[in-house]
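S.K.: Now for the letters of each chain:
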Amino acid sequence: MTYCIQGNSGQFELVVGLEVHAQVKSKAKLFSGAPTEYGAEPNTQVSFIDAGMPGMLPVINEVAIEQAVRTGLALNAKINLTSIFDRKNYFYPDLPCGYQISQYLDPIVGEGTVEIDLKDGSSRNIGIERLHLEMDAGKSIHDLRPNVTHVDLNRSGIALMEIVSKPDMRSPEEAGAYLRKLRTILRYVGSCDGNMEQGSMRCDVNVSVRRPGEKYGTRCEIKNVNSVRFVMRAIEYESKRQVDIIEEGNSVDQETRLFDSSKGETRTMRSKEEAHDYRYFPDPDLLPLKIEQDWVNEIKNSLPELPDVLKKRFIKQYSLTPYDAEVLVSEQSSAMFFETVAHGRDGKLAANWVTGEFFGALNKANLNIVNSPITAHQLGGLIDRVSDGTLSVRLAKEVFEFMFLSGSDADVVIEEKGLKQVTDVDEIHTIIDKILSSNTEKVEEFRNGKVKLMGWFVGQVMKESQGKANPAAVNKALKEKLT
Amino acid sequence: MSKLTELTVADAISGLRKKEFSAVELTEDHINAVKDSQELNAYVVKTFDLARQRSILSDKKISSGEAGLLEGIPIAVKDLFCTKGVHSSACSKVLDGFQPPYESTVTQKLWDSGAVMLGKANMDEFAMGSSNSTSCYGPAINPWTPKETGEQRVPGGSSGGSAVAVAARAALAATGTDTGGSIRQPASFCGVVGLKPTYGRCSRWGIIAFASSLDQAGPITRSVKDAALMLNVMAGFDSKDSTSLDKNVPDYVKDLDQGVKGLRIGVPEEYRIDGMLPEITALWEQGIEWFKNAGGEIKEISLPHTKYALPTYYIIAPAEASSNLARYDGVRFGLRETGDDLIDMYSKSRAKGFGEEVKRRVMIGTYVLSAGYYDAYYLKAQRVRSRIAKDFKDAFNDVDVILTPTAPTGAFAVGEKTDDPISMYLNDVFTVPASLAGLPGISIPSGLSPEGMPLGLQLIGRPFDEVTILSAGRFLETAADFNCLPSDNIGRKKL
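Sequences listed follow chains P and R, in order.
The numbering used here applies: residue 19 is where the first sequence begins, and numbers increase by one.
The numbering used here applies: residue 102 is where the second sequence begins, and numbers increase by one.
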């Protein structure tokens, strides 16, 4: 099931590589102690270093290094014990020093891989080229007043990890899956909150097309796309645009483009000729960064179980379907929630409850696991009442709704609302007798061979019991009475 | 008692402790000396009120027994150091009006030890120059003049104002910075002691950057002991400067008089350059003689890559400078010219803010870092730099200290090399190699030229071995007995 773009002259293959800028989770910036909280008043989180004041010097934040190493390890990547910070020189008002400190030839993390799962159930490995640390620039605000640009330096100096993939993706779906998977991994290791709306994860997309078997075509880079959906749409648009150009007998120009999400189009930002000469050179204010293998090992040992491993374990240990397992491991919090629910219980049943009722309710209420009104233990308690026959599945769903609203334990809800399933045979018999005696014609019909009426009798009994009767017990008792 | 402005730092400390005079008196005399030497243009900012206040506090501290190491000592601070609330501009128009809201680590250490700031010393713009002629405040003038012509001479640079202030007795000591010779060469030209410590010995935090991998703060004083006293306070690890070294700081005064008996002194053959003035050669020979006579062991050494040092330096330093000076863009501080658009604003602000020499180096630096030229210039220069450092490392297997002239000439006339940058750059030929290798160097006033201008000899040491060059310098100072003043010709020794 290869994705291809159908042109008039034949099929084209799509080649995509992504550069993801992930904001490092850290209280301080990459080279200064200034805070990094999102949404602060403009220019309130700026140290003299971040403002490029004369004589100020950068000092590397160790937390950022640790986060980069954690991420690198989670991407199965090579950790470079020596890496170098370079200056990338260009002028812009939101770049106070006139250079960005980045890593150019010697990044902290080298080649790695990310495994992605596709809708058809297959999975693929996407190569990671490198991961390097760099500082963010500030923000230029052009639309506050005409002819004036305002600059907010709160973001200036915030630590970013630039994660560069190999040009290994062949469809918008793969790009989307890669981006989602990468975000999951970053969240698992806690190195980035992966929040694309707040800009803590941004994506540059490299797109080219070629006829099958040909070498790579000329690529265009689409800058700063800020959602998975937009990334996929930008790729679709851009690849069609390139195919059209080629089919018209022209060639694609290497350039940097922007994605206009309102129109769903990409447009030229700057051509290759206008590309900056960044004059990279090692930052003389920072010595080469040297880290110890022992420290890397320590970090490795502190990593949580990563989604791929967890998924395989869930499938094996709890007999989950790959789909359910995938859904559960997509967020570490759901995986942990599930494991607590499943502990000592039927795994499949637990998975059904977590991905079904529970996720549904969260979604409806616009909540997430962290601020969920009920705990995993409480959900487990509810499942226990289904397993021991106290509740029918239908009743359990009703109990769940009350639990979700009140945050109470299942037993409390069952007690308060009197939702306990009736398994008392005498009570069931009383109801059945009542139903049978008031529907003698139906009983006659049944006994004359209209066995289909069984369902109707069950329904009547359930109705009379207000749904509390245990359906299995009802079935059994009815059969006894009617035959 | 001699005039207070004639004292050394060491003598002044002792006099203050013995209450022979007060810090207020000492400061007041220096304020007057600054005023009297106005025409030398040593100071670009004068902080007399601050100095007076601080000297009152110093007297109190001395009385209460809380005196710091440099309590009450009036000093000049090179304008490259950021001083909190005090105009700091690196003598560039581009930083006109800039009052830093922070204090450099080195000056903070000095104030914490009780030193009194008289003002900010003149310098070449952004420390780029060897004659203090590129300052936006006009040149500083050497207090020494040739006996016969009386012609105005440059003080050297870039720490020209600092050297002038100390030589003219308008400060007991001064801070300088040295990137390729900017402490040692002006010290040599003005007949004072100039010490460039090992790269990483003093914090660069708060010092306006010229070339980050080379810049280093150091003292300019009238005696080696004073240099040691100043370094005791200025040196030390700073967690805010990633290139400063977390290494123990010894007491530099303690071993000053250990002598030179058995000391192995290297004399590099490559420093005997063509066309060197005979008085420089003679001074160097004299220096060698002094050491030999005192039991030093003279060894001819080779530093084979010396001839590449100057071109290497003039690639690396401008490259770093071109990037370091990018922040002067008119956006956040200093000078801003209005422009039609962003690029125009940048161009006009920088065109007006930077002087010719700064522009030249920014352009050279931008060029050598450009795509297609990087490998041939910057990268190659870095490789040569490693070779130069290795030359020294190898040499220091056989010797303890290296003796050379500080500069190939004495002080030249004001305006003389201004239109000839290459000949100006050549003046750094003996100081630049040690800078590239990050080694400590000290210039000791050792004699006078035939026309009566001071000349210095340079001692270069192993990394972080300031102790040895200070004690060797102390010996040289004693041997040379350089006790002459710019204002009087009596006692001048002709070579």
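Just so you know, these hints were derived from the structure itself, not from any lab.
Idealized CB from N, CA, C, for every residue including glycine.
One thing to keep in mind: the hints can contain errors.
To spell it out: a stretch of chain R is covered by chain P in this simulated footprint if at least three of its residues, at any positions, have a beta carbon under 8 Å from a beta carbon of chain P; those stretches are [claimed, not checked]: (1) 113-122; (2) 200-212; (3) 231-238; (4) 299-308; (5) 333-344; (6) 414-424; (7) 565-573.
SDA-like mimics (lysine to any residue), calculated; alpha carbons at most 20 Å apart, straight line [unchecked claim]: (8) P:Lys-290 with R:Lys-449; (9) P:Lys-106 with P:Asn-165; (10) P:Lys-96 with P:Lys-137; (11) R:Lys-449 with P:Lys-184; (12) P:Lys-157 with R:Lys-355; (13) P:Lys-184 with P:Glu-31; (14) R:Lys-355 with R:Tyr-468; (15) P:Lys-137 with P:Lys-318; (16) P:Lys-318 with P:Thr-202; (17) P:Lys-106 with R:Asp-197; (18) P:Lys-308 with R:Thr-344; (19) R:Lys-341 with P:Glu-80.
S.K.: Are the hints correct? Go through all of them and say.
M.R.: Hints and how they fare:
1. 113-122: violated (count 0)
2. 200-212: holds (count 4)
3. 231-238: n = 0 at 8 Å, threshold three: violated.
4. 299-308: Answer holds; 4 residues pass the 8 Å Cβ test.
5. 333-344: Contact hint for the region 333-344 of chain R vs chain P: holds, 5 residues under 8 Å.
6. 414-424: holds (count 4)
7. 565-573: This one is violated; 0 residues, fewer than the three required, reach chain P with a Cβ under 8 Å.
8. P:Lys-290 with R:Lys-449: Distance ~27 Å between Lys-290 (chain P) and Lys-449 (chain R) Cα, so the pair is violated.
9. P:Lys-106 with P:Asn-165: Violated, because 28 Å separates the two Cα atoms, which is more than 20 Å.
10. P:Lys-96 with P:Lys-137: Distance of about 30 Å is beyond 20 Å: violated.
11. R:Lys-449 with P:Lys-184: Distance of about 43 Å is beyond 20 Å: violated.
12. P:Lys-157 with R:Lys-355: violated, 54 Å
13. P:Lys-184 with P:Glu-31: Holds - the C-alpha atoms of Glu-31 (chain P) and Lys-184 (chain P) are around 16 Å apart, at most 20 Å.
14. R:Lys-355 with R:Tyr-468: violated, 48 Å
15. P:Lys-137 with P:Lys-318: At roughly 31 Å apart (the allowed maximum being 20 Å), Lys-318 (chain P) and Lys-137 (chain P) break the hint.
16. P:Lys-318 with P:Thr-202: Measuring from Cα to Cα gives roughly 18 Å; hence the hint holds.
17. P:Lys-106 with R:Asp-197: The hint is violated at about 27 Å.
18. P:Lys-308 with R:Thr-344: Given pair Lys-308 (chain P), Thr-344 (chain R) holds - Cα atoms ~14 Å apart, limit 20 Å.
19. R:Lys-341 with P:Glu-80: This hinted pair holds, its Cα atoms lying about 14 Å apart.
When held up to the earlier numbered hints, the structure conflicts with 1, 3, 7, 8, 9, 10, 11, 12, 14, 15 and 17 and fits the remainder.
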